[in-house]
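J.: Here is what each chain is made of, one letter per residue.
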Amino acid sequence: AQKITQTQPGMFVQEKEAVTLDCTYDTSDPSYGLFWYKQPSSGEMIFLIYQGSYDQQNATEGRYSLNFQKARKSANLVISASQLGDSAMYFCAMREGIAGANSKLTFGKGITLSVRP
Amino acid sequence: ETGVTQTPRHLVMGMTNKKSLKCEQHLGHNAMYWYKQSAKKPLELMFVYNFKEQTENNSVPSRFSPECPNSSHLFLHLHTLQPEDSALYLCASSQEGTGGTEAFFGQGTRLTVV
Chain A
1 AQKITQTQPG MFVQEKEAVT LDCTYDTSDP SYGLFWYKQP SSGEMIFLIY
51 QGSYDQQNAT EGRYSLNFQK ARKSANLVIS ASQLGDSAMY FCAMREGIAG
101 ANSKLTFGKG ITLSVRP
Chain B
1 ETGVTQTPRH LVMGMTNKKS LKCEQHLGHN AMYWYKQSAK KPLELMFVYN
51 FKEQTENNSV PSRFSPECPN SSHLFLHLHT LQPEDSALYL CASSQEGTGG
101 TEAFFGQGTR LTVV
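Going line by line, the protein sequences match chains A and B.
Residue numbering for the first sequence follows our numbering, starting at 1 and increasing by one per position.
Residue numbering for the second sequence follows our numbering, starting at 1 and increasing by one per position.
In isolation and in its complexed conformation, chain B is listed as follows (with noise of 0.2 angstroms):
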């Protein structure tokens, strides 16, 4: 148990479906992150929040759409996706302001389009 929790843990969706991918932290931290992670190349940092407004978004495509409703839930909600889009979703969290140091993840959604 990470403190980090992420559902769905797969995920199979067609191009023209909308799904949406659920994370929670329960470590009380205020900035919270999606990562992406496809076959053979880096994370990829998609978005941030800190204290629920998202600070950066990493020119990601409008068909990826996060909500952050409190600082606890982080969502990101899928419509038309591509195949390309097929990997590995990691969530993160992070407590900043504080001087502190490292994030930690959730086990991740494996989305697969198809």
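Bound conformation, chain A alone (with noise of 0.2 angstroms):
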């Protein structure tokens, strides 16, 4: 089974709109970490939020917000006020088990956003 799902064909949004970008995931242990990473097409994973399982509010960056819903398993990515340089691919990764604990990312297969003029 897919741990992190990313269903979305390419999203178009108009700018200075707001965007969700939609992620589920699967895992079994109780501690685990939600990032969500930006790739424009120069090719760098650029770093945009993360969520920890185990916090209380909903991530915040921003522009960028994490909306987390643990019993749905889903991470959203929220993106206010968009912005063509927004314009990328988004991916949704997890981190199973404690931090530091030799822990490695498991990636989605992306979505594309392009942000419209």
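Please keep in mind that the hints were generated in silico from the structure rather than gathered at the bench.
Keep in mind that a hint or two might mislead.
To be verified - Which residues of chain B face chain A? A partial, calculated answer using Cβ under 7 angstroms:
1. GLU102
2. GLN107
3. GLY108
4. VAL113
Claimed, not checked - Only pairs whose alpha carbons sit at most 25 angstroms apart, straight line, appear in this in silico PhoX-like list of lysine-lysine:
5. A:LYS70 - A:LYS16
6. A:LYS73 - B:LYS18
7. A:LYS73 - A:LYS16
8. B:LYS52 - B:LYS18
9. B:LYS19 - A:LYS109
10. B:LYS18 - A:LYS109
11. B:LYS36 - A:LYS3
12. A:LYS73 - A:LYS3
13. B:LYS40 - A:LYS73
14. B:LYS36 - B:LYS18
15. B:LYS41 - B:LYS22
16. B:LYS40 - A:LYS109
17. B:LYS18 - A:LYS3
18. B:LYS52 - B:LYS19
19. A:LYS3 - B:LYS41
20. B:LYS36 - B:LYS22
21. B:LYS52 - B:LYS40
22. A:LYS109 - A:LYS3
23. B:LYS52 - B:LYS22
24. B:LYS36 - B:LYS19
25. A:LYS70 - A:LYS3
All residues carry an ideal CB built from backbone N, CA and C; glycine is no exception.
Reassemble the complex: the two chains are provided individually, in unrelated frames, and hints are given to aid placement.
T.: The structure is reproduced here in structure tokens:
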């Protein structure tokens, strides 16, 4: 079974509007972390936001927020006030186990976001 | 500037060639990783090094040979590759053991095997 599922086709959003990118995950480990990365055409993976499984509040980082619904095992990324520079591939990833215990990331297939002027 | 630098950015090699990819991190991290990103597939973890010791080899063919001489440098030696090995190879680093969270990635080496 896939551990990280990103099923949306290419997403389009109008500049200055908000957009939600979906991510569901599967794990039986009570300790895990969820990440979102952005990959522009240059190839670099840019860290955006992190949510720990025990965090009580949804993570926020500037225009990025994570809608964490633990019971549904979903960790959707919300980008507010989209900018043209937000056009990129977006990857959801998960680390199972306690941070620092030889952890590694499992990635989803990614979602392409295009921001229209 | 991400703190993780990969060279070369682009590489074209024949199936009989030997080449090496280099990764250097300036973040003082103790763990480094090689990932492979093929078209339309999720990133695949290849190797993990913690404190210069290889802690994971994700069933990678022996034509890929990693080397980690110190905590700041990671190499991926390539020989007798196949066309299906063409992909973007990403290096990452993280600080393990202190509750560190995110991994920092380099810009990748886009490899084409002809």
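J.: Now tell me if each hint is right for this structure.
T.: A quick look at each hint next to the structure:
no. : hint               : result
1   : GLU102             : 4 angstroms, holds
2   : GLN107             : 4 angstroms, holds
3   : GLY108             : 4 angstroms, holds
4   : VAL113             : 18 angstroms, violated
5   : A:LYS70 - A:LYS16  : 29 angstroms, violated
6   : A:LYS73 - B:LYS18  : 44 angstroms, violated
7   : A:LYS73 - A:LYS16  : 29 angstroms, violated
8   : B:LYS52 - B:LYS18  : 23 angstroms, holds
9   : B:LYS19 - A:LYS109 : 28 angstroms, violated
10  : B:LYS18 - A:LYS109 : 30 angstroms, violated
11  : B:LYS36 - A:LYS3   : 18 angstroms, holds
12  : A:LYS73 - A:LYS3   : 11 angstroms, holds
13  : B:LYS40 - A:LYS73  : 24 angstroms, holds
14  : B:LYS36 - B:LYS18  : 18 angstroms, holds
15  : B:LYS41 - B:LYS22  : 23 angstroms, holds
16  : B:LYS40 - A:LYS109 : 7 angstroms, holds
17  : B:LYS18 - A:LYS3   : 35 angstroms, violated
18  : B:LYS52 - B:LYS19  : 21 angstroms, holds
19  : A:LYS3 - B:LYS41   : 14 angstroms, holds
20  : B:LYS36 - B:LYS22  : 14 angstroms, holds
21  : B:LYS52 - B:LYS40  : 31 angstroms, violated
22  : A:LYS109 - A:LYS3  : 11 angstroms, holds
23  : B:LYS52 - B:LYS22  : 15 angstroms, holds
24  : B:LYS36 - B:LYS19  : 16 angstroms, holds
25  : A:LYS70 - A:LYS3   : 15 angstroms, holds
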